[in-house]
Amino acid sequence: MHFWRFQISSFLWLLFSASSSVAQGSLSPALSLQFKETLSIPENTERTFVDHNNNLYFVAKDQIIRYSLATGIRSIQSQKIWQNIQQVLAINTMKTVVFSQVQQTLCFTDNTLSSQGTCMDLQEFNLNNVTVVASSKRPDMLWLYDELNSQLVLFNFVKRQILQNVVNLRGILNIEGEVRLAENHFGLWLFTSAGQVIRLDDYLNALTEQQLSYWSFLPYKNGGFMLRDKALYYETILEGEVMIQALPLSTPSTILHIAGNQLLIEHEKLLEVYNIVAN
1 MHFWRFQISS FLWLLFSASS SVAQGSLSPA LSLQFKETLS IPENTERTFV DHNNNLYFVA
61 KDQIIRYSLA TGIRSIQSQK IWQNIQQVLA INTMKTVVFS QVQQTLCFTD NTLSSQGTCM
121 DLQEFNLNNV TVVASSKRPD MLWLYDELNS QLVLFNFVKR QILQNVVNLR GILNIEGEVR
181 LAENHFGLWL FTSAGQVIRL DDYLNALTEQ QLSYWSFLPY KNGGFMLRDK ALYYETILEG
241 EVMIQALPLS TPSTILHIAG NQLLIEHEKL LEVYNIVAN
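For the record, in the sequence shown the residue sitting at position 277 is 277 according to the numbering used here, with numbers rising by one throughout.
A couple of the hints might just be wrong.
Computed cross-link-like contacts, DSBU-like style, restricted to lysine-lysine with a CA-CA straight-line distance of at most 30 angstroms [stated by the list, open to error]:
{"#": "1", "residue 1": "LYS269", "residue 2": "LYS36"}
{"#": "2", "residue 1": "LYS159", "residue 2": "LYS80"}
{"#": "3", "residue 1": "LYS159", "residue 2": "LYS137"}
Taking CB as the label site, the calculated pair distances span [what the hints assert, rightly or not]:
{"#": "4", "residue 1": "GLU268", "residue 2": "ASN184", "range": "23 to 31 angstroms"}
{"#": "5", "residue 1": "ILE172", "residue 2": "GLU43", "range": "42 to 50 angstroms"}
{"#": "6", "residue 1": "GLY117", "residue 2": "ILE73", "range": "21 to 29 angstroms"}
{"#": "7", "residue 1": "ILE81", "residue 2": "GLN245", "range": "40 to 48 angstroms"}
{"#": "8", "residue 1": "SER114", "residue 2": "ALA60", "range": "12 to 20 angstroms"}
{"#": "9", "residue 1": "ASN222", "residue 2": "ASN168", "range": "22 to 30 angstroms"}
{"#": "10", "residue 1": "MET94", "residue 2": "ASN275", "range": "24 to 32 angstroms"}
{"#": "11", "residue 1": "GLN34", "residue 2": "VAL158", "range": "36 to 44 angstroms"}
{"#": "12", "residue 1": "ASN279", "residue 2": "GLU43", "range": "37 to 45 angstroms"}
If you're looking for bench data, these hints aren't it; they were derived computationally from the structure. C-beta atoms are modelled at their ideal positions from N, C-alpha and C, and glycine is treated no differently.
Start from the sequences, fold in the hints, and give me the full structure.
Below, the structure is given as structure tokens:
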């Protein structure tokens, strides 16, 4: 019995030591950044969005400028129904959704930003205060977070059906701060302005929960990029955080974007584009 206690204690000590070493940044990072280019954000841009198909979207009132990082092709589309645009995200290579929080609508476009049908009123589905939308890895579906009932919803926009939902998510997970969502092959990530990072499975069960310190956070593979104290970190729950590189020009208002295997850092009307390289 004492032998097993010794083995378990030794294992826990080694695990703690390894975690501490990673957290202190003594191990080499698994990822590094390779600078590619700097892009200027167009004048009067209110918000910038990036999709997984390497497209940039610059929003100014009811106008969207779409710029391809791959080809350099730029297109502009403006529609009066696009007012107070909160988010622009690609569902696939041929379909994009434009979300208005003020109007509580989802408007769908093709890859040239031409409208596809009429906009969808979320209030028809008793969703009255949706604050954030995220694309799903499952076709024809979107994740919606409704702040009114603290409700997380998996929504099939083709069949116009709510397939999954959890109400009172703030109470269940003790969520504080503004909620953001992103999904990749490792799960649905819910992260907040208060530093909470929660990864959910396909059935909306919490797989991991962390309290982190960051100015900006963005999931990537099985972890996330974090910007804090003028430096960029990559963090996973098993390995802890490792500093990738110093970013002396970053501030708390600096925003991170992911486009495929590219990291974009937005600050002062500029976008710095880096290739993400596995070491």
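How does the Cβ-Cβ distance of SER114 and ALA60 compare with 12 to 20 angstroms: does it lie in that range? holds, 19 angstroms
Is the Cα-Cα distance between LYS269 and LYS36 30 angstroms or less? Between LYS269 and LYS36 the Cα gap is close to 17 angstroms, so the pair holds against 30 angstroms.
Sort out whether LYS137 lies within 30 angstroms of LYS159, counting only the CA atoms. holds, 17 angstroms
CB of GLN34 to CB of VAL158, is that within 36 to 44 angstroms? holds, 39 angstroms
Given the hint of 24 to 32 angstroms, is the C-beta distance from MET94 to ASN275 inside that range or not? Once the Cβ atoms are compared, 26 angstroms apart, the range 24 to 32 angstroms for ASN275 and MET94 holds.
Is 22 to 30 angstroms right for how far apart the beta carbons of ASN222 and ASN168 are? holds, 28 angstroms
Distance restraint hint 37 to 45 angstroms, applied to the beta-carbon atoms of ASN279 and GLU43: With Cβ atoms ~38 angstroms apart, the hint holds.
LYS159 and LYS80: Cα distance at most 30 angstroms? holds, 26 angstroms
Given the hint of 21 to 29 angstroms, check if GLY117 and ILE73 actually sit that far apart at their C-beta atoms. holds, 25 angstroms
Range hint 40 to 48 angstroms (beta carbons of ILE81 and GLN245) holds or violated: holds, 42 angstroms
Is the distance from the Cβ of ILE172 to the Cβ of GLU43 consistent with 42 to 50 angstroms? holds, 44 angstroms
Please test the hint of 23 to 31 angstroms on the beta carbon pair from GLU268 and ASN184. For GLU268 and ASN184 the Cβ distance comes to about 29 angstroms; the hint holds.
The structure agrees with every numbered hint stated previously.
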